[in-house]
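Residue numbers (this note's numbering), protein chains in the order written: chain A, 1 to 88; chain B, 89 to 323.
Honestly, the hints are just simulated from the structure, not real lab data. By construction, the Cβ of each residue, glycine as well, lies at the ideal position given by its N, Cα and C atoms. Hints should not be assumed to be uniformly reliable.
As a list, the in silico DSSO-like pairs of lysine-lysine whose alpha-carbon atoms are at most 27 Å apart [unchecked claim]: (1) A/Lys-69 / B/Lys-199; (2) A/Lys-14 / B/Lys-243; (3) B/Lys-199 / A/Lys-26; (4) A/Lys-81 / A/Lys-26; (5) B/Lys-167 / A/Lys-33.
What the simulated footprint calls covered on chain A by chain B, stretch by stretch (three residues with Cβ under 8 Å from a Cβ of chain B suffice, anywhere in the stretch; the number is not a length) [what the hints assert, rightly or not]: (6) 16-27; (7) 73-80.
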Amino acid sequence: MASEYIVEIILENKPAARDPVGETIKRDLLAKKGYDMVSNVRSGQYLRLYLEAESEENAQDIVEDLLNKLRIFNPVTQNFKILSLTKE
Amino acid sequence: MSIKIAVIQFPGANCDLDAVHVLNNVINVEANLIWHNHFKESQYDGVILPGGFTFGDYLRAGIIAAHSPALDEARVMLKDGRPIIGICNGFQILAEAEILPGALLKNENLKFICKWIKIKVENNKTAFTNKMNKGDVLNIPVAHGEGRFYTDNLKELAENEQIAFRYSNENGEITSESNPNGSIENIAGVCNLEQNCLGLMPHPERASEAILSPYGTTHGKLFFESMVDFIKRRS
């Protein structure tokens, strides 16, 4: 029986690819306002997918399949991480 | 033989009409503006993927257009040896379609950069650079927010002569000051292994007539003259 799942995904630049958005937040905002304890900021893109699947494993398979096949993340510069996978 | 070039129009394209104008009125070859879903490769000798912000640049610049059927047609043409150039967003599309190597990231200074810069010819054997000399410095404008070329495979690109252009100063020196967007090794344009597909961030179609250039130069014309020459030599 298919159920509704919610999958949260984050796309992030690989460590070797510079992330000027994160660098600017750290350098021009956090450091200037005294948050010296923050040593690094990396920005990313957040996606939330609502989908029907047979099981959690099936939902994960579908999401990984579409991420890879449709190049939702750019394998040259980005990694993806599934942050959460929940049944609605 | 009459040469026919397709300029592919995606939603959000720009400088598409400029490219058609340059081909029709400056280079004097037939160019048609074709909606991306209607493009059929068999009717054309070459293709221009113009600049712009296709599909709003959503997700990443070029990624949605990279899934257009026009790119399947483009792959057939390339395999057959016909030439394709991707300008600005067209370059981003070709990179996302994995036809060209690397990726285009947000400019290092996070700003949209719109200005005339210089590029140095690194490879004059491609379908779009054969009228240039290696080491030539060209005046050409850029207009992009996501043009920082990145690759984790520099060595291979260099060995295969896939680096077509680098940002340079007017003396042809590759300096960090002449790099507008933080591209790795100042790379401004790359080609495929077969050298019939070129992608670059600068806009040759905006640099093909002296009246449009602050220097009175027409360096952009060389790209299209090279393409026509390449097509004539293959037939």
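Results for each hint:
Between A/Lys-69 and B/Lys-199, the direct Cα distance comes to roughly 31 Å. Violation of the 27 Å bound is thereby established for this hinted pair. With a CA separation close to 19 Å, the supplied pair A/Lys-14 and B/Lys-243 stays within the 27 Å bound. Proposed proximity of B/Lys-199 and A/Lys-26 is supported: the alpha carbons are some 17 Å apart, at most 27 Å. Proposed proximity of A/Lys-81 and A/Lys-26 is supported: the alpha carbons are some 23 Å apart, at most 27 Å.
For the hint linking B/Lys-167 to A/Lys-33, the alpha-carbon distance of about 56 Å lies beyond 27 Å, and the restraint is violated. Only when three residues or more bring their CB closer than 8 Å to a CB of chain B does the claim for the region 16-27 of chain A stand; here the count is 6, and the claim holds. Only residues whose C-beta sits within less than 8 Å of a C-beta in chain B count toward coverage, and the region 73-80 of chain A has 3 of them, enough to reach three; the restraint holds.
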